[in-house]
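K.L.:
Please arrange chain L on chain F, whose structure you already have, making use of the hints.
There are 2 protein chains.
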Amino acid sequence: MEIEALIRPIPDFPIPGILFRDITPLLKDKQGFRGAIDLFVERFRDRGIDHVVAIESRGYIFGAPVAYGIGAGFIPVRKPGKLPHEKLVEDYALEYGTNSLEIHADALARDERVLVIDDLLATGGTAAATGRLLERLGAQVEAYAFLLELTALRGREQLRGAEIVSFVAY
Amino acid sequence: MEIEALIRPIPDFPIPGILFRDITPLLKDKQGFRGAIDLFVERFRDRGIDHVVAIESRGYIFGAPVAYGIGAGFIPVRKPGKLPHEKLVEDYALEYGTNSLEIHADALARDERVLVIDDLLATGGTAAATGRLLERLGAQVEAYAFLLELTALRGREQLRGAEIVSFVAY
Chain F
119 MEIEALIRPI
129 PDFPIPGILF
139 RDITPLLKDK
149 QGFRGAIDLF
159 VERFRDRGID
169 HVVAIESRGY
179 IFGAPVAYGI
189 GAGFIPVRKP
199 GKLPHEKLVE
209 DYALEYGTNS
219 LEIHADALAR
229 DERVLVIDDL
239 LATGGTAAAT
249 GRLLERLGAQ
259 VEAYAFLLEL
269 TALRGREQLR
279 GAEIVSFVAY
Chain L
119 MEIEALIRPI
129 PDFPIPGILF
139 RDITPLLKDK
149 QGFRGAIDLF
159 VERFRDRGID
169 HVVAIESRGY
179 IFGAPVAYGI
189 GAGFIPVRKP
199 GKLPHEKLVE
209 DYALEYGTNS
219 LEIHADALAR
229 DERVLVIDDL
239 LATGGTAAAT
249 GRLLERLGAQ
259 VEAYAFLLEL
269 TALRGREQLR
279 GAEIVSFVAY
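Keeping their order, the protein sequence lines are chains F and L.
Note that our numbering has the first sequence beginning at 119, numbered continuously upward.
Note that our numbering has the second sequence beginning at 119, numbered continuously upward.
This is chain F alone, in the form it adopts within the complex (with noise of 0.2 angstroms):
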């Protein structure tokens, strides 16, 4: 697997200062394309995962396939005024501000075992705003997996009381 090598990193992207690692070169190739896919797959396969439930819009591009892939159904987790029926909010922090994000009120049934994916794993404040989404619904998190991980951020810190998985660490 040569998924560390289809990531690019771009310096000062979105702002000075910043590193971004650039996932569009390893979707892009179809090996690795699936192989990143399979990583999640192999590893949730069994587990009874009723759905996954994934962050607007980079964690789409695996959780769907990933959702596909172990046979579960896919729950969209939608930032601001996209979902058009009963909804609850979460609101999260950003370095300026705050930002929300959104789930439909019957999205889950209580007790069904959700796995939340996304691409990336920084602060945490994305997917612990999901949590809490899904904590309100009576879901159970089975697991937070995510292709990429900024440890430095220590955004796992945010994350209690399920597994937290990521396949390639920075």
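Each hint should be verified, as a subset may be incorrect.
[Claimed, not checked] DSS-like mimics (lysine-lysine), calculated; alpha carbons at most 25 angstroms apart, straight line:
id	chain 1	residue 1	chain 2	residue 2
1	F	K200	L	K148
2	L	K205	F	K205
3	F	K148	L	K200
4	F	K200	L	K200
5	L	K197	F	K197
6	F	K205	L	K148
7	L	K197	F	K200
8	L	K148	F	K197
9	F	K197	L	K200
10	F	K148	L	K197
Keep in mind the hints are simulated off the structure, nothing from the lab.
P.N.:
Same frame as chain F, now just chain L:
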């Protein structure tokens, strides 16, 4: 296949007078989600497609699993400001004003065969802008494929020179 039964009509979203087709009940249903993805996979499996190109963000929910299912690479077309490397931009018209879509300049090599996927064909503006991006890169669009099509909006007329497939028409 119960796809149509799992799509929920929402009146007056996002604005009065619009009947929104909510796909979230389909996505969360494991048989429904798998069945929807398999419609694309069975149709495009043996067509020599190198890459699936999907439009942010609901297009990723279908495009990424289809790429995984047919063994293709995945290329995201994104909203402005999100791609970190050299890119091409195409504008498209909204009811008031314009928006734009972007693709990395190195996303494709010339003459690669691509399948464009989105959840919905409505006016065709975003799909046509994607087609122009792909034409500038010299790619060969094998087909445009959508789960849903709003036929009264005549979006197909915006898309020329490739097969156009939708699985549920309203």
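K.L.:
Compare the structure with each hint and give your call.
P.N.:
Cross-check of the supplied hints:
A hinted pair counts as satisfied when its Cα atoms are at most 25 angstroms apart, and K200 (chain F) with K148 (chain L) qualifies at roughly 22 angstroms. Between K205 (chain L) and K205 (chain F) the alpha-carbon distance is near 35 angstroms, which puts this suggested pair outside the 25 angstroms criterion. Taking the CA atoms of K148 (chain F) and K200 (chain L), the gap is near 22 angstroms; set against the 25 angstroms cutoff, the hint holds. At most 25 angstroms may separate the alpha-carbon atoms for a hinted pair to count; K200 (chain F) and K200 (chain L) meet this at roughly 18 angstroms.
Straight-line distance between C-alpha atoms of K197 (chain L) and K197 (chain F) comes to about 14 angstroms, which keeps the hinted pair within the 25 angstroms bound. Using a Cα cut-off of 25 angstroms, the hinted pair K205 (chain F) and K148 (chain L) holds, with the two alpha carbons roughly 21 angstroms apart. The suggested pairing of K197 (chain L) with K200 (chain F) holds, with an alpha-carbon distance near 15 angstroms, which does not exceed 25 angstroms. Taken as a hint, the K148 (chain L) and K197 (chain F) pair is honoured in the structure, with Cα atoms around 23 angstroms apart against an allowance of 25 angstroms.
Among the hinted pairs, K197 (chain F) with K200 (chain L) is consistent with the structure: their alpha-carbon atoms are about 15 angstroms apart, no more than 25 angstroms. Between K148 (chain F) and K197 (chain L), the direct Cα distance comes to roughly 23 angstroms. Compliance with the 25 angstroms bound is thereby established for this hinted pair.
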